[in-house]
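Protein chains: 2
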Amino acid sequence: MPARDRAVVLVSGGMDSCVTAAIAARDHDVAFVHAGYGQRTERKERACFTALADHFGVERRLLIRLDHLREIGGSSLTDPALAVPHGGPGPGIPSTYVPFRNAQLLSAAVSWAEALGARGVFIGAVEEDSSGYPDCRRAFFDAFEAMIDQGTRPETRVRVVTPVIQMTKSSIVALGLELGVPFHLTWSCYQDEERACGTCDSCVLRRRAFSQAGVPDPLPYR
Amino acid sequence: MPARDRAVVLVSGGMDSCVTAAIAARDHDVAFVHAGYGQRTERKERACFTALADHFGVERRLLIRLDHLREIGGSSLTDPALAVPHGGPGPGIPSTYVPFRNAQLLSAAVSWAEALGARGVFIGAVEEDSSGYPDCRRAFFDAFEAMIDQGTRPETRVRVVTPVIQMTKSSIVALGLELGVPFHLTWSCYQDEERACGTCDSCVLRRRAFSQAGVPDPLPYR
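As you go down the protein sequences, you meet chains A and B in turn.
Numbering (this note's numbering) for the first sequence: -7 to 214.
Numbering (this note's numbering) for the second sequence: -7 to 214.
Next comes chain A alone, as it looks inside the complex (with noise of 0.2 Å):
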């Protein structure tokens, strides 16, 4: 059997990146990385990508530190100061975008990628149905693409792959189902506690795709 071609894929330790991992690891030798940059969820996201990893076998990790998205500030979901919105998104770009924050986590996965001769970085990004951040339109990718094309050898190609980007959390999680992913060790919430709190924007989007792919949802909710 023939070597399987190597890809990087960025773990962030909720649901769609857990899926796009997954659908990453039929066919792909992988490597999974992680970023911490002091969110409010950073420990409860660790442990995640840790148990995914112990999953789905993969040997090859790369835990990164973003640290000065802290200092930057400029979101609530590293600025203590600012609330994390509730009851589902509303119109427009919600507090908890982190400035240019997935330009920083692809191109520290392209830099490995392109060190370990891999040819695609997968991302979960989520244009439909999602939050409206501007670095999860595939526009975006598109323009990322054309940049790592420009910024690295001759002989590099790596491609930004992100196979849930159209997908709807619903259709993302019956995908998800039909693939086995363990979805139980997966977080959505952007409090730090025991259970998650079941009305930020993020746990109102993760138990609407839940309820309405009509399964129950692993976590345990307050």
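Just so you know, these hints were derived from the structure itself, not from any lab.
Predicted, not measured: the structure shown is a model, and the values here were computed from it.
Heads up, none of these hints are tricks.
A partial selection of chain B residues facing chain A, derived with a Cβ cut-off under 10 Å:
1. G65
2. F92
3. A105
Where is the CB? At the ideal position from N, CA and C, for every residue including glycine.
Once you've looked at the hints, dock chain B against the given chain A.
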């Protein structure tokens, strides 16, 4: 007098970024950003950064850590097992190329620029007369700007400003002298020693530049 536009300047501690900082400071309220990533000369570069920020009277300073670059490897600047090249650059991309490093630096700088409301990120990249790094070419920065426009808030407009990109190293020295740049506070050598080695690629380019500009280099050499 109206408030001056803000700009973020990437200051490595080398001569090109120092001249770039002097250019930016002429008509911007500047903020300095510096990255440590376990490079051989990290301690030295950070000391230069601090001395330069003091010299220019800059209060807004951001230190970012890209320690994962060391784990990623693939460069003689971050892998102690690889020797740094000597005698001046040959053809092709040298072993000192750090995969996609400038994309990571710029992404962090743009993140800060968006939070500060700055409209420009200055970087002292040199395309002509340089070491052949793919992420030092204007085509890369153009692609990066297009990516910024897609990945930030609609009202955010950050340009990547490269004032010395088409200059030769010797004309950068000449311009620096005109602007009163403190070249004695900069460091270019790839080795981490008290005195610059004088023979690594970076020293060779620097010494040639000062020699062609017809002025003495204030740095002590071995």
